Amino acid sequence: PRPDGRPGTPSAVPPAPADGDPAGAGRGPVAVPTVEALVWRETASRSARPDPAVGAGEPAGTEKSAATGGAAPDAERTVLLVAAHPLRTTEGGPRFLHLTPERLVDEGLDALPDGTVPQDVVYVAPDGPADGAAAATKALQDVFAVVRRLAARTPMIDLLIVTGTAHAVAEGETVDPFMTALWGLGRTLRVEHPRTRIRLADLGSGPDRAGGAADADGAALVEALHRDGPELALRNGTWYEPELLTAPPAPAREVRYRGGRFLITGGMGGIGLRVAEFLADEGCARLTLVGRTVPAEGEARDRLDRLAERCDLQIVAADV
1119 PRPDGRPGTP SAVPPAPADG DPAGAGRGPV AVPTVEALVW RETASRSARP
1169 DPAVGAGEPA GTEKSAATGG AAPDAERTVL LVAAHPLRTT EGGPRFLHLT
1219 PERLVDEGLD ALPDGTVPQD VVYVAPDGPA DGAAAATKAL QDVFAVVRRL
1269 AARTPMIDLL IVTGTAHAVA EGETVDPFMT ALWGLGRTLR VEHPRTRIRL
1319 ADLGSGPDRA GGAADADGAA LVEALHRDGP ELALRNGTWY EPELLTAPPA
1369 PAREVRYRGG RFLITGGMGG IGLRVAEFLA DEGCARLTLV GRTVPAEGEA
1419 RDRLDRLAER CDLQIVAADV
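Residue numbers (the numbering used here): 1119 to 1438.
If you are wondering where the hints come from, they were derived from the structure by calculation, not from laboratory data.
There may be inaccurate statements among the hints.
Ranges of calculated distance between the beta carbons of each label pair, as one might list FRET restraints [what the hints assert, rightly or not]: (1) A1414 x G1384: 14 to 22 Å; (2) A1288 x E1395: 48 to 56 Å; (3) V1223 x R1419: 27 to 35 Å; (4) P1369 x R1271: 49 to 57 Å.
Every value quoted in this text rests on a predicted model; they were computed, and no experiment measured them.
We treat Cβ as the ideally placed atom computed from N, Cα and C, and that holds for glycine.
Taking the hints into account, I'd like the entire structure generated from these sequences.
This is the structure we're talking about:
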């Protein structure tokens, strides 16, 4: 899929004129599938919005005074930080309220002070599990529980999901499958909650990573909150955005059917039988057709009998 959640689409090109039909009249365009490659492009060096000072980490309910000398827009902005730890706090910037994921799941948004409606929620993913698929599944289920709590208040509050090494942005990086799965979740949420602004930011595994240490510096996290791109990555102080580019086609190799052995699932349906007949026409040696129902009579049975005369035919009644 595209980074914005939309599937790639084939391009339509006009067909080549046929002999005796110079204009190609009466024929529509031919769909030519394209292959796209994901690349990461460096973004502008400055934020799309004014750079805020870092301010995060008070427990829920703690008030924070605005900086003197005129309140910036950030000073009136409330952000709910859902993370294992609060961030190191400095003056200025938006007002952050901190809830652990466990508390949010237990109490929901009722854990916030009365009348508090955050403008944004920042969910910082914990370090990815390292002890197998079962632990990763449990961690994802915990994230689903957090999202359900956030979605209970409609419309769902704008959400920024912060991950570490969900993608190999820099050369030699090792991708964390748990973090990559969170990007899939975020892209799905965009479809399910079209009125909510849901963004993804990958901060890698270096000092900008905001999910592990209790004294983590939230400067990168806050800057991600203030950038406009729906998907971002930060590596060594440089911000990147994903872009899909058309990839050159792979070198074509000759497909040899004669003398080959082929298995076709759904092989006794209309399309499956047509494929089987094509392979028999090309001289295949053996065909195995798998289908839920083996026809005992009628046209399909006759076609199977003719196939058996042309190649070694094996029929398997099974649901794949």
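Outcome of the hint check:
1. A1414 x G1384: 14 to 22 Å: 18 Å, holds
2. A1288 x E1395: 48 to 56 Å: The hinted range 48 to 56 Å holds for A1288 and E1395, with Cβ atoms some 51 Å apart.
3. V1223 x R1419: 27 to 35 Å: 58 Å, violated
4. P1369 x R1271: 49 to 57 Å: 53 Å, holds
Comparing the model with each numbered hint stated earlier shows that hint 3 is the single one that does not hold.
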